[in-house]
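Full structure from sequences and hints, please.
Chains as they are written, first to last, in my numbering: chain X, 1 to 271; chain C, 272 to 542; chain E, 543 to 842; chain A, 843 to 1142.
Derived by calculation from the structure, the hints in this document are not laboratory data. Built from N, CA and C at the ideal position, the CB exists for glycine as well. Be aware that one or more of the hints could be misleading.
Listed next, the stretches of chain C that the computed footprint assigns to chain E, with coverage defined by at least 3 CB atoms under 8 Å from CB atoms of chain E [unchecked claim]:
1) 353 to 361
2) 459 to 465
3) 491 to 502
4) 520 to 534
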Amino acid sequence: MPKDIYIGEVSRNEEIRKNFFLMKVTLPYGFVEPMPGQFVMIRIAGLNDPFLSRPISIYSFVRGRMNCTIELLFRVVGKGTRILAGLIKGSLVEVNGPLGKGHFATPTTGNIIFIAGGIGIAPLSLLAQNLCRKVCRSSDSMTFYLGAQSADTLIGFNRVHQYCGRVIACTDDGSAGMKTLVTKAFQKDLRIYDPADTSIYACGPRPMIRALSGILDPEYFCQVSLEEKMACGVGACVGCAVAVKDDYGQKTYKRVCADGPVFELKDIVWE
Amino acid sequence: MPKDIYIGEVSRNEEIRKNFFLMKVTLPYGFVEPMPGQFVMIRIAGLNDPFLSRPISIYSFVRGRMNCTIELLFRVVGKGTRILAGLIKGSLVEVNGPLGKGHFATPTTGNIIFIAGGIGIAPLSLLAQNLCRKVCRSSDSMTFYLGAQSADTLIGFNRVHQYCGRVIACTDDGSAGMKTLVTKAFQKDLRIYDPADTSIYACGPRPMIRALSGILDPEYFCQVSLEEKMACGVGACVGCAVAVKDDYGQKTYKRVCADGPVFELKDIVWE
Amino acid sequence: MAVKIAGLKMKNPVMTASGTFGYGEEYSDYVDLNRLGGIVVKGLSLKPRQGNPPPRIMETSGGMLNAVGLQNVGVDVFIDEKLPFLRRYDVAVIANIYGESYQEYAQVASKLNRVDGVHALEINVSCPNVRKGGLSFGSDPKAAAQVTRRVKAETHLPVIVKLTPNVTDIASIALAVEKAGADAVSLINTITGMSIDLKTRTPHLKNITGGLSGPAIKPVGLRMVWQVAQKVSIPVIGIGGIMTAEDALEYMIAGATAVQIGTANFINPCASVEIIDGIRHYLHENKIKKITDIVGTLQT
Amino acid sequence: MAVKIAGLKMKNPVMTASGTFGYGEEYSDYVDLNRLGGIVVKGLSLKPRQGNPPPRIMETSGGMLNAVGLQNVGVDVFIDEKLPFLRRYDVAVIANIYGESYQEYAQVASKLNRVDGVHALEINVSCPNVRKGGLSFGSDPKAAAQVTRRVKAETHLPVIVKLTPNVTDIASIALAVEKAGADAVSLINTITGMSIDLKTRTPHLKNITGGLSGPAIKPVGLRMVWQVAQKVSIPVIGIGGIMTAEDALEYMIAGATAVQIGTANFINPCASVEIIDGIRHYLHENKIKKITDIVGTLQT
Ligand SMILES: Cc1cc2nc3c(=O)[nH]c(=O)nc-3n(C[C@H](O)[C@H](O)[C@H](O)COP(=O)(O)OP(=O)(O)OC[C@H]3O[C@@H](n4cnc5c(N)ncnc54)[C@H](O)[C@@H]3O)c2cc1C
Ligand SMILES: Cc1cc2nc3c(=O)[nH]c(=O)nc-3n(C[C@H](O)[C@H](O)[C@H](O)COP(=O)(O)OP(=O)(O)OC[C@H]3O[C@@H](n4cnc5c(N)ncnc54)[C@H](O)[C@@H]3O)c2cc1C
Ligand SMILES: Cc1cc2nc3c(=O)[nH]c(=O)nc-3n(C[C@H](O)[C@H](O)[C@H](O)COP(=O)(O)O)c2cc1C
Ligand SMILES: Cc1cc2nc3c(=O)[nH]c(=O)nc-3n(C[C@H](O)[C@H](O)[C@H](O)COP(=O)(O)O)c2cc1C
Ligand code: FES
Ligand code: FES
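Structure representation (structure tokens):
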């Protein structure tokens, strides 16, 4: 039984953009280093309202001498995230993680592409950081397509720029970067990426992932991180089902939490 | 519609004795000055866990220039008080009050007696303070019998000593004051109090009140503050029923919140 | 925002639920009663009732149990002492009535007929707290229909039948009372529950069991309203755990023409008017002209 | 702490509830499965089932709705692929079974008979999610009894019948299955509920309705366990909203010989063992020798 629920202490919780919060949580030393794409289930210690834990991707991880610190980047969309947003320094949270067996695979190709929409930046930023550090590739091989509604909500540009030679920002209203959808910006460049030498990683709202599946040939290696409502986060409740193709091409339901959250784009069944 | 639910801000919340908390709450200027015996229904703003508001007596009240401040003195007994105890400076609470139509009556007698058991000190301290200030009696006429389990939990002695000439402390274990029950200490003095010239005010656990009703002749004017579980606090749910005698001596159920919380001891029906 | 339920006209679809708003007076300091769609008063019986011995209430997760036992002043005192206050307001007053026999239901209804200031009757066939009482009428389609017929025969007022959720098939009860002449149904009443004091090994409620209300039961109320609204053609009034305008709107989308606010009043005495404001705001934001345009619009 | 339920021996009265603990493996990193009284595995059907399309779950106040639709690997794959893992532990394994017909129930039971590592069967007559399924069996005493008889005929294992709360009179169903040979009853399964997305005016669950579980339903479970325990003489297993040792003890005082922990596992993966520790602590503090000494000790 190596796993446990950790009590974490919020060491910082800042509204970095309207409705977007960056929360730092200090955790015991034993917290396992997450693989990019993994997430935590988080809830406020001792309270049953909101009832279920919330799945949030790990945005960064640092192991210190006495403890670990993770960063979470989240957007306020409903009750749970609103309450998380209200936590002040010193508040205690219950953290289960890192969770997710399906995480981003280390690329073996020359071109490494990231496509993030909105809050989808969180797991991809950690991935870019790790690839930059651990795989030690020339940062020129990594291109980050970063989309948001407007300049206000374009988050993480500076951070990913540390890791990736090229960062292409797109906004719906043109208030920062190109005025286009992030998938459109990527599509324009597509012909320069040889399927045999390109790995693509994407995270963002469902319509973005769906658009991507329309754009990309199945030859491309493309992994995407999916979202679905979760209760347990560990594969027990089968609540977070997503329709994917099994080995025989038949539709089957897999668990976002335990079989994912990262899946291959070509396996997703769009119902 | 003069009444409203007020958002209060916790300005101090200190564990003055093990499991006993003194909480200061800043409220809008419009908060009505409470009469001794009145209480508030308090809950944590925006949270449904715990679900119901908690009734807590008003321990003190000060109207400042811009706002009002009340003090609450409470003991941690269960979930709700435990969560209240955890509130830090700056936390927001929802406060409905002051509530209670039955409050302590201004005495017209020479002897004024207070009998408090444990946390029962809260409303009686406010009463003693008010009588001292407003009715402007010689403090010699006021005697305060203050009971607790032990010296650790004997609270409010110094405060009531400012108002009352005589404060008689009793503890179950003799660790402070007399080693006796507060009702016993009072009983020993009883013969010096002429029923026609004595007003008695009591608040404490049910067994204490019951003991008092065994001790006191119905001739004595004795008011007691009762406790019962509450949902609305305003008389609508009829949840906080207590059995009392009606004008014809028949048993009827009255509402602790709206008809009380202060009742005449002789009217209580012990079921 | 106006709605009409079987001849009962209301300014807006928001009523306060029986037993949670006293006789109106208790909340009149907090709420301008003129703003409410309707007030359903505490359940009235033929004779005054003392109710159950305390403790009568207990908090639960996201809700509460109550076993008030229908303590009330009785229908005569209500007419003489409580109604005059309510008459001062321009608000629909619905008398919630209760009997221990068909006869008693009919008698209470008859006493309230042609009484100035009472605009509709709501029959509580569902109160689970009184042993010989509610539960048996409300959980049997035949008995529920019979109560409805008896009350209808005594009154010219619109008759709403309030259904209990403690049944296998609530739609069949709704259909039975509709056939018996009910002008509308309201649901849900409380779900029977229990709570135990571990220290004393006794029930928290003196009555042993009590009725569960509050947001904990909202999913059940919503499901039942949806089931009933698909079966009956009379209006459905949605009740159960409504705390916010969003909750109220969900009930209306599920098929309720109006809603009742119960336990929420205890948590926030201003809940009913805040819900009215919230519904108005929603309609405005979504450019919906008539509140009735959203009733039963659930896409499945 | 040991209890015995109709020949099924358990180290302690705490099991994990079907559908909330997978096939044991999912939580084995968090919990030493050897410490549990029993594990009730995810409901098994004759053939593998894909389950319902997503979304399948939704949070509610103090609880959650689920409409997983009994997604499971099927009884054969369970025996071949899931059971070997569980056999490594010294824990009672209870197979929760489900069928769409009497025949199917019997077939699943028969496949599990004399399979090494399965110690009892729990019949789910109550799952409310599958249209043609559970609800009809569990809400009719005759059908519930018939399922029980058919399963009993196929197995030498103790048979627990798991009852649905979505009925008017749960005690009558319990009595019917007792008469039909059930060795124990477990209750409650989830209460059917619904939740609506106001923005899209669609149900939050693709299946429209789902089963409500969690602390919100605890008062209902407790009441039903108390009602049933007074009527039947076979052991009763208490389920519904148990989050803490105190909750479990309340169920036992109401009449449950053992309990099952469901939704709590999702909130806290270690809930089941923390509850076991808490019960032990309570017994110690209160100088109670045998856990069975508290069963049904409610003073009313
Ligand atoms: C693997 C994974 C990683 C995620 N990482 C992040 C992240 O890094 N930053 C971030 O802002 N968000 C992230 N999300 C989405 C985040 O979980 C939801 O925004 C959040 O749960 C919403 O909760 P709420 O109470 O504010 O919303 P409500 O709508 O009130 O929530 C109601 C219920 O629905 C669930 N829910 C609602 N939206 C989603 C969603 N998109 N995905 C999953 N469950 C949802 C909630 O958890 C809750 O159970 C992630 C989701 C998943 C599955
Ligand atoms: C008019 C009045 C004035 C009070 N003044 C004070 C005070 O000044 N200081 C103080 O410490 N306590 C006071 N109490 C008691 C206080 O309300 C309870 O201790 C508190 O509600 C317990 O809540 P809990 O969640 O910690 O306990 P739990 O036992 O977990 O509460 C469960 C439910 O029971 C109710 N409850 C439990 N005990 C009591 C009780 N004794 N009286 C009323 N409801 C109860 C709770 O409000 C809640 O609804 C007063 C009670 C009343 C009625
Ligand atoms: C304290 C209390 C008393 C109630 N009394 C009555 C009553 O007299 N008659 C009745 O029909 N319903 C009564 N009810 C039920 C409510 O009207 C309502 O149907 C139920 O509480 C569910 O709604 P809610 O969750 O919004 O409270 C009572 C409920 C509570 C909590
Ligand atoms: C996600 C989920 C899946 C479930 N699946 C099953 C099942 O397959 N068979 C069954 O008998 N009960 C099933 N249940 C019901 C639980 O076993 C339990 O009876 C119910 O959730 C109430 O207990 P709780 O409040 O502790 O969760 C399921 C419950 C949940 C939440
Ligand atoms: S959240 Fe429970 S299986 Fe994924
Ligand atoms: S608490 Fe509602 S009437 Fe007193």
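Tested hints:
Counting residues of the segment 353 to 361 of chain C whose CB falls under 8 Å from any CB of chain E gives 0; the rule of at least 3 is not met. Evaluation of the coverage hint for the segment 459 to 465 of chain C: breached, as 0 residues show C-beta separations to chain E shorter than 8 Å, against a requirement of three. Residues of the segment 491 to 502 of chain C lying with their CB closer than 8 Å to a CB of chain E number 4, which satisfies the three-residue condition for coverage. Counting residues of the segment 520 to 534 of chain C whose CB lies closer than 8 Å to any CB of chain E gives 4, so the stated coverage by that chain holds, three being the minimum.
Hint compliance for this structure: hints 1, 2 are broken, all remaining hints hold.
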